[in-house]
Every structure is written in structure tokens, then in C-alpha cells.
Amino acid sequence: MNNGKIIRGLVLALAAAPAFAQTTAPAPPSGRLLASNCFQCHGTNGSGGFERLAGMSAKEIIGELREMQRKTPPKMMDMHARGYTDAQLQLIANYFASQR
Amino acid sequence: MVKRRDFIKWAGGAGISLTAAGWSLLAAADGKRGTATVAAGVPTGTGIKGRVVVIGGGMAGATAAKYLRYWGGTGVDVTLVERDTSYTSNIMSNLVLNGSRTVTSLQYGYGNLASRYGVKVVKGDVTAIDPVGRAVTLAGGSRLAYDRLVVAPGVDFDLLPGLETAAAQAKAPHAWKTGPQTTALRNMITAMPNGGVFVLSIPPKPYRCPPGPYERACLVADWLKRNRPGSKVIVLDANPGITAEVHSFTDAFDVVHQGVIEYHPGVAIASVDTTTMTVNTNIGNIRGNVLNLIPPHRAGKVIAANGLADAGGKWTSVDVLSYEATVAPGIHVIGDAAATTQPKAGHIANQEAKVCADAILRLLSGRLPDAAPQTNSACYSPITADTASWLTATFAYDPLTKTMQPVAASSGEAAARSKDNFEEMTKWFTALMADSFA
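Note that the protein sequences, when read in sequence, are chains A and B.
For the first sequence, the numbering used here gives the first residue as 1, with consecutive numbering after it.
For the second sequence, the numbering used here gives the first residue as 101, with consecutive numbering after it.
Heads up, some of the hints might be wrong.
Claimed, not checked - In silico lysine to aspartate or glutamate, EDC-like type, Cα no more than 16 Å apart, as pairs:
no.	chain 1	residue 1	chain 2	residue 2
1	A	K75	B	D520
2	B	K527	A	E51
3	B	K305	B	D256
4	B	K223	B	D256
5	A	K71	B	E513
6	A	K75	B	D373
7	A	K59	A	D86
8	A	K75	B	E362
9	B	K325	B	E362
10	A	K75	B	E513
11	B	K527	B	D470
12	B	K519	B	D486
13	B	K502	B	D419
14	B	K271	B	D373
These are calculated hints, taken from the structure and not from any lab test.
With these hints in hand, go ahead and build the complete structure from the sequences.
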């Protein structure tokens, strides 16, 4: 039996056991989907764009967002910042703080 | 890097059971045979596995394909089916009409999705979707099996009466899908005489990019003012009033481009005669040197052709927690083709794609989709060749109506147009396209 056949056999064995995969995948990181609302302007995973967010401290991110929420007349990001609750801001900030 | 032979020896020798992480290693080892190539932006060992086919490589489809791999890892086999070799952005395409951008500058290839994320890009046309057998058939007969299907075909157009032939359509282009019609419309504008008339019609909601037609009226007026003095832009809007950025466009029509733009709301087009270049409407017959008529929209053909359309035959209703079609389990519809409370536009299509990708990955892991997704829409609208306004809105899931509802405090438009906004627009566009295609 060649290696290709072995691999195909293993693939089939795995494919036949979907319940197996369902119990092993860890949950996605908390806040990731919410934070992905920032990626369009700040780069995938906060890696660039207008301002790099990945690796900033959570305190700094929340401080900036709170300041933006109070600015008048609001610029685009000032208005966007008003779209999240304090709990959501904390989730977003924690997510970026944990990224490199 | 572990060579395939070594991996098998190691796996066999250690007598390990194949864990989910092992699946990823296996996929990596077997990359050449096609499950998935390990690319820099794709994690191994997420424990998620499955086959996802994505139809359509626009803003929604490209983003979904990228994030299924970027978040899902090497165990998620992603195939993107697209009929064109590259995507041409509709965002910024009004800047082709005033000569400040080229169509070529708006093109984005699929090379990054393949090389960085291991997305298999297949150039082809879908002939059939088999929702029971869970497979997609392409022209030429090849069959792609899937566990989850994402359909993102964008929009198609109804025919306005009188524009049934290709010759008539060429004389009254909509240029609402960037391509040859956009270039043709630019050439028609530059061929206008002084004191000429540009007629622009806006279809009833919902249509792609709500502020887009008003933005177009502004940019064409701005160019004509400086280059074809005495010319007019007549806007025939099927809607009862300006549908987006009311403050900015009212100011643009009444003040900035005063005397150049003539705006008519509530206009119904009865027919179009391209021999006399006349639009017959409920407010009279309007003649123009250029007719730029944007027809009513519907979802891309693949939707109705495969029984995915709602009763009205135009769009697909979805569960906005996962974008799974109400009529078809396992088939997710994102972007402009989906009937939701969110606007049809590229920026929010990118976010819908992320919500959908995240939901599919959770479903493949035996979990439920995120119960409280949030999305956002944002765009800048040029008012002149160097100033712009902006529009933004955040949408949150409302469990009572099961719809995405705008968060009032975060929905609004620019207080005034500015050069700063215009500069930010370029930065926004670059970042958005990179998040979708790179």
C-alpha cells in the first residue's frame, strides 16, 4: 500500500466520524467576531489600516473609544464608537490586547 | 516542515489516535493532493473540518472564503467559484466618470486568497446546485461536493421597457457594475457639448449602494460645470426622496451644484426611446445627450435559477445569525443577494461574510452561531473632485424581530463635506479591499 492510499484511508475514516470533530474543536476566541467589525478600516485582525490595534493595551483602546463617543460633531469613527455597549467595548479591547 | 512520509511514520510509530489536530497535520502533509495547502495565514489544529464551496468572488464571497480559512484552519477545505479572473470594485467607480480613476485601478485578483489562505479558486460558471446531494455542478460537468455552501452572486438587473436589445442598452448604459459600461459612460460624458443634458435614473429601493447614484450625480455635475459649461444633470428618482445622506446630498444639490443638478423624486419610467434619447415618465418626456439609467435590481441569476428566491422572486430571506437561507438548509446567502434590513453595499457585505464564516465554523464544530452578532456599514461619498461626505451605521441582532436593527446612536452622516473626508476615503477603500482580497 502506498502512502497516498494510507492517507486516503485515514481521510475516509475521519470523514465517517463527524461526531469526533464536533467534540474536539475549541470555541472561537471571545470577542473575535465583534472585533472583526474593526478590520475593514484597521486591517485584518487589527494589523494596520488607519491605526494598528493588535497589541494595544485594553485600557488604551477603551480610553480612546470612550473619548470618541463624546466628541461633537462626530467624525465617522466617533459615531461608529457609539454603536457598542461598555461590555462590548471591553470584549473588543481585550481581544486586540491579546493579539500580536 | 514534516514531510508526508515522515509524518506517517511518526504517526504510525507513536501509535497515536488521530486527534483533530492530527487532521490538520494530515491536511498539511497531504496538501498537494488537495485537501488544503498550509499557507501563512491559516492555523493548524483548530479541530474544525469540513468542505465549503463559495459561489461568487465579490466583496462578500471573497471575504467569506478568506475568513473560513483564516479562522477555520487547514481542516476547512474552501473552494471559491468565480466566472471572472478578477473582481472590479464598484466602490470608487464613480471616480472613473470624472476621469480621476481607471477601471484597471479597481481590479483585484484572487492570487492572495490562494497563496496566503489556501483557498482553491476555480474559474467557472455554476449550472446547478443540488441541495439534497449537497453539490454544485459547473459548466463542463465537474461536481463540487460541500458540507456548507455560500452563495454570493451580487445583483442582476431588470430590463427597462425599450432597453430589451443590446444595442439599446449600449445607448443607455447603467454602469452599475464596473466594467466596459463604466468606460463607455465616461466617453459619453466627455463627448457631451456645452449646455448638454445628462439624465440619471435611480431605481426603487432596495438597490446596491444607496448613496451611490446621488454621489454620481454630484461627480458628473462637478465635472460638467468645469468642462462643459451650461450643462445639466437631471436626476429621476423612483423613490419618494433621497434615500441616503439626506443632509449631505440636499446641500450638494441645492447649494454646491445649484443650477446644475435638477432633482425629481417619485419618478416612474414608462419607457425609453434610444433613437430620440428620450425617457418617458410620469412627469413628462425627458430628453438627454446621455442617458444613464439604473434599472431595478434583483439577486444574481443563480438565486432564482436554483429555487433560492423568495415569493417575490428577487432576493433570498436568511437567518441573520448564520445567513442560512430560510428555504434551503446548508445554503448560506450573503451580500447584496440576501434580503435583510441591512443596506446592499460592499463594506457591510464584508462584515456579513465574517458573521457567516464564523457561524459556519461553529456549525461545523457542532456549536450554535453567535447569538448576538453585530455588523457595520460605512462609506465615504465624493461630492466634488476633492471633497467627500460620509455615512455610517452599526446593526445589532434583535431577538424579538430576528432582524439586524440599526443602533441609533451610531447611525449618521457627516456634518459637512471636506477634503479630509476625501483623503480618509482613499485610506478606507485601501484597507477594506485588503481585508477582503489580501
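query: Which of the stated hints cannot be reconciled with the structure, identified by number in ascending sequence?
result: 4, 6, 8 and 11
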